[in-house]
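If you read the protein sequences in the order shown, they are chains H, V, S and X. Under my numbering, the first residue of the first sequence carries the number 1, and numbering increases by one thereafter. Under my numbering, the first residue of the second sequence carries the number 284, and numbering increases by one thereafter. Under my numbering, the first residue of the third sequence carries the number 567, and numbering increases by one thereafter. Under my numbering, the first residue of the fourth sequence carries the number 850, and numbering increases by one thereafter.
Calculated from the structure, these hints are not laboratory results. Check each hint, because a few of them may be wrong.
[Claimed, not checked] 20 Å max Cα-Cα, derived DMTMM-like pairs, lysine to aspartate or glutamate:
| # | chain 1 | residue 1 | chain 2 | residue 2 |
| --- | --- | --- | --- | --- |
| 1 | V | Lys-489 | H | Asp-40 |
| 2 | S | Lys-774 | X | Asp-1132 |
| 3 | X | Lys-1057 | S | Glu-577 |
| 4 | X | Lys-1057 | X | Asp-1092 |
| 5 | X | Lys-1055 | S | Glu-696 |
| 6 | H | Lys-96 | H | Asp-247 |
| 7 | H | Lys-208 | H | Asp-178 |
| 8 | X | Lys-997 | X | Asp-1013 |
| 9 | V | Lys-491 | H | Asp-247 |
| 10 | X | Lys-1100 | V | Glu-395 |
| 11 | X | Lys-945 | X | Glu-919 |
| 12 | X | Lys-1055 | S | Glu-790 |
| 13 | H | Lys-251 | S | Glu-790 |
| 14 | H | Lys-208 | V | Glu-395 |
Remember, it's a predicted structure, so these values are computed and weren't measured experimentally.
There are 4 protein chains.
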Amino acid sequence: ADRGRLMVHGEDRPGIVAAVSGLLSNHGANIVSLDQYSTDHSGGRFFQRTEFHLKGFAAQREQLEQELEETLRPLGMSWRLTEAQQLKRVAVFASKMDHCLLDLLWRERRGELGMTTTMVVSNHPDLAEEVRSFGVPFFHVPVTKENKPEAERKQVELVRDNVDVVVLARYMQILTGDFLDNVGVPVINIHHSFLPAFMGANPYLKAKERGVKLIGATAHYVTEDLDEGPIIEQDVERVSHADTVTDLVRKGADVERRVLARAVGWHCEDRVFRDGNSTVVFD
Amino acid sequence: ADRGRLMVHGEDRPGIVAAVSGLLSNHGANIVSLDQYSTDHSGGRFFQRTEFHLKGFAAQREQLEQELEETLRPLGMSWRLTEAQQLKRVAVFASKMDHCLLDLLWRERRGELGMTTTMVVSNHPDLAEEVRSFGVPFFHVPVTKENKPEAERKQVELVRDNVDVVVLARYMQILTGDFLDNVGVPVINIHHSFLPAFMGANPYLKAKERGVKLIGATAHYVTEDLDEGPIIEQDVERVSHADTVTDLVRKGADVERRVLARAVGWHCEDRVFRDGNSTVVFD
Amino acid sequence: ADRGRLMVHGEDRPGIVAAVSGLLSNHGANIVSLDQYSTDHSGGRFFQRTEFHLKGFAAQREQLEQELEETLRPLGMSWRLTEAQQLKRVAVFASKMDHCLLDLLWRERRGELGMTTTMVVSNHPDLAEEVRSFGVPFFHVPVTKENKPEAERKQVELVRDNVDVVVLARYMQILTGDFLDNVGVPVINIHHSFLPAFMGANPYLKAKERGVKLIGATAHYVTEDLDEGPIIEQDVERVSHADTVTDLVRKGADVERRVLARAVGWHCEDRVFRDGNSTVVFD
Amino acid sequence: ADRGRLMVHGEDRPGIVAAVSGLLSNHGANIVSLDQYSTDHSGGRFFQRTEFHLKGFAAQREQLEQELEETLRPLGMSWRLTEAQQLKRVAVFASKMDHCLLDLLWRERRGELGMTTTMVVSNHPDLAEEVRSFGVPFFHVPVTKENKPEAERKQVELVRDNVDVVVLARYMQILTGDFLDNVGVPVINIHHSFLPAFMGANPYLKAKERGVKLIGATAHYVTEDLDEGPIIEQDVERVSHADTVTDLVRKGADVERRVLARAVGWHCEDRVFRDGNSTVVFD
Chain H
1 ADRGRLMVHG EDRPGIVAAV SGLLSNHGAN IVSLDQYSTD HSGGRFFQRT
51 EFHLKGFAAQ REQLEQELEE TLRPLGMSWR LTEAQQLKRV AVFASKMDHC
101 LLDLLWRERR GELGMTTTMV VSNHPDLAEE VRSFGVPFFH VPVTKENKPE
151 AERKQVELVR DNVDVVVLAR YMQILTGDFL DNVGVPVINI HHSFLPAFMG
201 ANPYLKAKER GVKLIGATAH YVTEDLDEGP IIEQDVERVS HADTVTDLVR
251 KGADVERRVL ARAVGWHCED RVFRDGNSTV VFD
Chain V
284 ADRGRLMVHG EDRPGIVAAV SGLLSNHGAN IVSLDQYSTD HSGGRFFQRT
334 EFHLKGFAAQ REQLEQELEE TLRPLGMSWR LTEAQQLKRV AVFASKMDHC
384 LLDLLWRERR GELGMTTTMV VSNHPDLAEE VRSFGVPFFH VPVTKENKPE
434 AERKQVELVR DNVDVVVLAR YMQILTGDFL DNVGVPVINI HHSFLPAFMG
484 ANPYLKAKER GVKLIGATAH YVTEDLDEGP IIEQDVERVS HADTVTDLVR
534 KGADVERRVL ARAVGWHCED RVFRDGNSTV VFD
Chain S
567 ADRGRLMVHG EDRPGIVAAV SGLLSNHGAN IVSLDQYSTD HSGGRFFQRT
617 EFHLKGFAAQ REQLEQELEE TLRPLGMSWR LTEAQQLKRV AVFASKMDHC
667 LLDLLWRERR GELGMTTTMV VSNHPDLAEE VRSFGVPFFH VPVTKENKPE
717 AERKQVELVR DNVDVVVLAR YMQILTGDFL DNVGVPVINI HHSFLPAFMG
767 ANPYLKAKER GVKLIGATAH YVTEDLDEGP IIEQDVERVS HADTVTDLVR
817 KGADVERRVL ARAVGWHCED RVFRDGNSTV VFD
Chain X
850 ADRGRLMVHG EDRPGIVAAV SGLLSNHGAN IVSLDQYSTD HSGGRFFQRT
900 EFHLKGFAAQ REQLEQELEE TLRPLGMSWR LTEAQQLKRV AVFASKMDHC
950 LLDLLWRERR GELGMTTTMV VSNHPDLAEE VRSFGVPFFH VPVTKENKPE
1000 AERKQVELVR DNVDVVVLAR YMQILTGDFL DNVGVPVINI HHSFLPAFMG
1050 ANPYLKAKER GVKLIGATAH YVTEDLDEGP IIEQDVERVS HADTVTDLVR
1100 KGADVERRVL ARAVGWHCED RVFRDGNSTV VFD
């Protein structure tokens, strides 16, 4: 409870590191790790993540926040203060595939990732029993072409103010801009990736037909441009001509769950900053 | 000199492995390694690479080839017989960048890759001295919009019947279908790859702007569709937000030379079969 | 049911590939993939894995086996014939850690790995409920210094003739040579690995103190020399100074489950041959 | 010339980041990137690397250094200030193998790694011509059992005060503690690594006999305990049963040059801190 994190970002200007570290120092905080990065030495964007130890953090928090606001607001900086032990509340959206969902639930149970899944929302009922065996509530919200606006309203109702982040664990519905506007928290997605990319339907088949030797996955923040948001993490797995399309899909699933777990863990440890359509990841 | 390789491919039908291995066995050959793969158990394509030891291979070669033709031609099979110690003759095409070219020359000098570079052809004179210090002839064939057909004729003249494969080691000119038709040997290219792909100019800048975490390279056979031929090998290198566009290009160069060397080595050891727009690689 | 696999190995001599493929061909089998490797062209050991399609394989099996014996026995070759769709029966031994065990059970449920877990045997009761939720029998066999011989007899009783392979999924007891002699099937183990190795207790702590940048895992067949049997598969995961010993253990767990799953899958698809204290893996 | 780096380390105590960043800020420096890490929040060791932009850095340097000393000395901190554009002067020690040496020379010529090779020292004359073709002086210092002390004295004479770091690029002689004491600069070595390690002579053969699937390399600072110093970087390459011992050595060479280049680059960019027998690498 004595471990805090401070994230600061904004237009770069001299003196911010000094101001922030001076303020923390005055409160008796000991900085455990600090990562700072500026995109350019003049006119760039500034990003800083500081993890510190401060005896009696909770008691001093309000005072600390007030001083941070007084110091950083005039410098045009955005900031967030979190308690390191405070788990991020996560809503996982899934459909029928279980690999990404189960991997997150397992890792959470092992105490990894700094998250607690407060609910699973699915447009199919298939995974209900599995999810509930982890002690996690499961909500079935069917989605059809007709009821989509209503379904999204229901999803927002479930999620809004109840979670800190939504994770799409192979959720096979496209979320509208309305949903993204109303949900009020970041949304993380995972999808397969190839070098080069294969557009349209059946990318695994197309990859097979081209003799692709690596298949990959990309975890990113969701924006209105489908599969186009800022990338958090990527990885690949080696394949060969002897892999069938089914094998490619299976190996794709392996790399998907690995990449999603890393991306969610980093997000929940406040290691990821969005920077326009890019990211700064202090891993 | 007693080590041979036999490559067979065609429409799959029962009995080919038996026919080939029986024939080799009758000649007293000992099969050292055999890789066989069919794309489907009925109606698929058949690929087989056999490496064998046969005392007095050179003396028996003509006889062996005649029997192979008599056996495999009626089965509709294509085949090639090579001597394992026989280095493939390579023409490397380059422009100004030296990383892929030098890595090939250095590996050749170390006796890797099963190749001998018989000439380097470049549209720029810059690398002449460096190339000649390896004892390799360097030909400067300038290419402009106007002289392109003539330049390609000159390139074909240099290369035709003199080499077994052309390797484009960051050669920055597009080869026409005419060249590919006339050169008479496979052409291998290397280019950068990303997940996802970034179209058009400045892909490294676009990758940077999207927060890409992996940059890759793809080695492939050249077809008339630019950067679209059958893939031989791919690999990636990890990058982060702290990498500038220049860093991405530099790390891209590292992965390019690694991937190209592997692809060329496999090709020269007769490990790669083209299968339509895909490949079968017995690595 | 029409897909078979034939594994042959022994002292290399000319003509074996021809003999085997001729025999299969005579039965009307179509070879789908064939991998053959000899450690040396003269006096080496010979390994061959053939996957073939044969209509009515079951009906012809007995006849096929008789002919194989007549052909291969005189050549001094060992051979095994399996049906590809026939899942290998697996006993998983575990203790308290669940990561490797659960990953195997989950992959089995997805239809990967070519295996069916017929029982889980553990020296601790902790994982009983979790295992049984997969519909798999769980047997608790406590092991103490005093009862070890008796406990191993009980384990052998449970396993013998009931399974095709025993997988140690972080089973924290050393199996005696007696057990290995009596169990009658291969035993696969997974353990952490480092470059370089750190002997004795607390290897993760020692790795941390040396600034190790990669931690790995090794899956191998168990022999009487603890952690010294033939290696089936290995992989690594990148770590940094910012990883605590706990983080190293957690990342170690990730790479352990990945490596064990690959090794077990290859074993169950008959892709692994033991070659003295080494292996030949046709992956 | 306006880009500086400040490295600070010592026993952790609150307020150091604030003190350092305040000092830089007062000089008008803009911090471009800052990495800080403490091994423990109380009683740990503190490490900080700061890269900053400061117009007229050269002119202010002396004043800056005086203030740093006044500020950090009383806090018990060690510190170093460097100019980012200032290349580190490197002496490369080599024997007969050229792969690591040439890779460093190539990368330097391409402007990578932040280093300039001011000399190559070798106990064999073989690589003289190659090295001199890069415009780099080559000194042949033969080493025998008898003349070792004298040879090391000569090496120290060549190197001392002339270079910032010595890189052993497959230098096949063991350096004594005397040499390390007298040379006065860090010494970086590269050697092969396996999971698990294979002791004694012929490790590649032993790896082959055990069926090893990964071979690796480790770059580390040299201490008196041979091959036991703090690790800077490691990587691995995949191998299979089909690789001969010669292939393993060749693939080992590939991973050696990759790992050494990364380690040397990080060292020359002041990214590596020694921490007892471990390292902190801000890559």
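Against the structure, test the hints numbered earlier, and report the numbers of the ones violated in rising order. 5, 7, 8, 9, 11, 13 and 14
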